[in-house]
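> Sequence:
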Amino acid sequence: MVGHTEAYDVETVIGSLRTDETVVPAELSGGGVERMFRENPTIPGVIVMDGPRIIGVISRRRFFEMFGQRYGVAVYAKRPVHLMVDANKISPLIMPASSRLLEAVQVALDRPSHEVYEPILVDFGQQSYRLLDIYTLLVAQADLLNNLQLQLRHMNQALEERVVRRTAQLEASNARLSQEVVVRQRAENELNVRLKYEIALTHCANTLLAAQNSNEVLLETLHILREAVGVSRVYIAERRVDENNMDGIQLLHQVCAPDAMPLPEHTKVVAGHSLRHWFDFLWSGNGITARRDEMDGAISHLFDQFGMISLLLLPIGIPDEWFGVIGFDETRLNRDWREYDVELLQTVARMIHAYLERQRNQASIAQARDQAVRANQFKSELLAKVNHELRTPLGAILGYSQFLQYGSFGALNEEQANAVGLIIGSTNYLTALVNGLLDQAQLESGKINLQRIPFDVRQMVAEVEMRMCILAEDKGLAFTVAVADALPQMLVGDRMRLQQILINLLGNAI
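Take the sequence shown: its letters are residues 77 to 586, numbered as in my numbering.
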C-alpha cells in the first residue's frame, strides 16, 4: 500500500528532489515513511529501497492521500475513529460538520508546517466522525473551484452569447432607428421646404392682389421667390416674335443673389434649331429642368454664356396665349429640381399669369371707361347743341307760323291756312323730338321728374292727331282718332310725357 512493485527511473520519478532525500529501507516502509514525513515536514517525498534496488518512490502528498483513504475506509467500515487515531498516535483537528470547505482548508493551512498534513476530523455529533486530510480538502477545494470556474465559464459563455445577440439586436435596432431618423429628418426637411414655399406663395398672392404698379409687384414677387427657393437668379421673360418671324423670349424683370452676376438687360433668346424643342415643350404647358453637366452643343454654350449650372423654366399663360416664362437658375452648384418644387412654382407661374391677365383686363376696362366717358361727354355736347341750335330756330318758325295763322300779317285763304297749320304741326313735332332727346338724357342721368297737374286729355289727343297725320299722309296711310265717351275730360299727370309716349308709339307704327 505504501510502496510499488514496479521499478521507477529515479530521474523521472523523483524529478527535482534534493540530493539529501531520506531513503527508507523496505522493512521500515510501514510506519517509517509516516515518521519520516512527520519528523521532516519540509521533504516532498521519500525513496523506499530494498538493498540496492529501488522498490518505490512516494511523495508526501501521495502518502497522506493514501493515509486519508485508509482512515476513510475505516470510518465507513464503522471502526471507531478514536482507536485508529490512538493506534497511530495522531492528534487530529476536529471541525464541526457545519463548517464550510473553504473554512476547513484555511484552518488546516494556518497550522504549523509540520502539522499541515495531519488529518482532520469532521464532527457530525453522537461519536460520528469523518476523517479528512488536507490533500482531500485541497482536491475538494480544487474540484469546487473547477466547478465554479466551469460554471463561470458557462455563465460567461452564455453571457457573451447573450451580449452578442443583444449587441446584434441593438445594432439592428440602431440601424432601424438611424434609418427612421434619416427618413424622419428627410421628411422634416421636405416639410420645412414645403412650408417655406407655401409661406412664399401666400406672400406672393398677397403682393399680386394688393399692389397696382405691375413692375414693382413683379419685382417684389421675384424677390420673395428667390429667397424662398434659394437660387442665384429669378426672372421673367416675355415671349417675342422678331421681324423674321422667329419665336423667342426677352428678359423683362430679374432678381439676383448678392453674389450672382445679373443677366444683361433685354437679353433675348431665339428658338433656333437647337432650342426649338425646348420652346415647343414650353408652349405645350410643360416645365423644363436642366443641368450644365448633362447638356452639350448649343445648349451647353448657352449655359456657359449666362454662367448657369442648373435651370428651371416654367411657362406663364395658357395654350395659344403664352405670355412668356419664369426662370430659376443656379450659378453656384448643381441642383436637382424635385417634383414638388416644380408643382409649387407652377402655382406661382399661374398666379403671375392671373395677375398679368387682371392687369390687362383692367387696362381694357380703363380704356373702355375712357371711351364711355368721352362718348358721354360727346352726347352731352350734342344734346347741348341740339337744345341750343334746334330749339332756337324751331321756336322762331313756330312763332312766325302762329303769327301767320292768327292773321298778324294779313288774312289767309283756306289753302294758306292749311299750309300754315302743317308748318306749325311739323314744328311742334320736331320740338317734341328734341324734347325726347333731352328727356332720354335726363332718364339716363336719373334726373327726370314727372309732373302731377290736371290736363285736358281730348285736347292733348287732338294735338297728337294734328302732328302725326302729316306723317301718315306722306306714306299713304289712313289715320283716324277715336276717344271713348267714358274717358274723363280732365286727367291728373304729366301731360307732356304722356303726349310724348303716344307720339313715339304712333311714330313707330307709321
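A few of these clues could be false.
[Stated by the list, open to error] Heads up, simulated DSBU-like pairs for lysine-lysine below, C-alpha to C-alpha not over 35 Å straight-line:
no., residue 1, residue 2
1, Lys551, Lys461
2, Lys551, Lys455
3, Lys461, Lys344
[To be verified] Ranges of calculated distance between the beta carbons of each label pair, as one might list FRET restraints:
no., residue 1, residue 2, range
4, Pro395, Gly512, 47 to 53 Å
5, Ala286, Gln381, 36 to 42 Å
6, Arg260, Ile441, 27 to 33 Å
7, Gly361, Gln326, 19 to 25 Å
8, Phe555, Ala495, 16 to 22 Å
9, Ala451, Met337, 22 to 28 Å
10, His377, Ile441, 43 to 49 Å
11, Gln381, Ala244, 25 to 31 Å
12, His342, Pro395, 25 to 31 Å
Hints in this document: simulated from the structure, not taken from any laboratory.
Positions of the beta carbon are idealized from the N, C-alpha and C atoms, including for glycine.
> Kindly confirm whether 36 to 42 Å is satisfied by the beta carbon distance between Ala286 and Gln381.
holds, 37 Å
> Under the criterion that the straight-line Cα-Cα distance not exceed 35 Å, is the pair Lys551, Lys455 satisfied?
holds, 32 Å
> Taking 43 to 49 Å as the hint, is the beta-carbon distance of His377 and Ile441 inside that range?
holds, 45 Å
> Do the alpha carbons of Lys461 and Lys344 lie within 35 Å of each other, as the hint requires?
Distance ~55 Å between Lys461 and Lys344 Cα, so the pair is violated.
> A range of 19 to 25 Å was offered for this pair. Does it hold for the Cβ distance of Gly361 and Gln326?
Given a distance of about 21 Å, which is inside 19 to 25 Å, the answer is holds.
> Using the beta carbons of Arg260 and Ile441, state whether their distance is inside 27 to 33 Å or not.
Roughly 52 Å apart at Cβ, these two residues miss the hinted range, so it is violated.
> Using the beta carbons of Ala451 and Met337, state whether their distance is inside 22 to 28 Å or not.
violated, 52 Å
> Taking the Cβ atom of Phe555 and the Cβ atom of Ala495, is their distance within the range 16 to 22 Å?
Cβ of Phe555 to Cβ of Ala495: about 19 Å, so the range 16 to 22 Å holds.
> Go ahead and decide if the range 25 to 31 Å is satisfied by the Cβ distance of Gln381 to Ala244.
violated, 58 Å
> Would you say the C-beta atoms of Pro395 and Gly512 sit inside 47 to 53 Å of each other?
holds, 51 Å
> For His342 and Pro395, compare the CB-CB distance with the range 25 to 31 Å and indicate the outcome.
For Pro395 against His342, whose Cβ atoms are near 27 Å apart, the range 25 to 31 Å holds.
> For the pair we were handed, Lys551 and Lys461, check the Cα-Cα distance against 35 Å.
holds, 31 Å
Of the numbered hints listed earlier, those contradicted by the structure are 3, 6, 9, 11.
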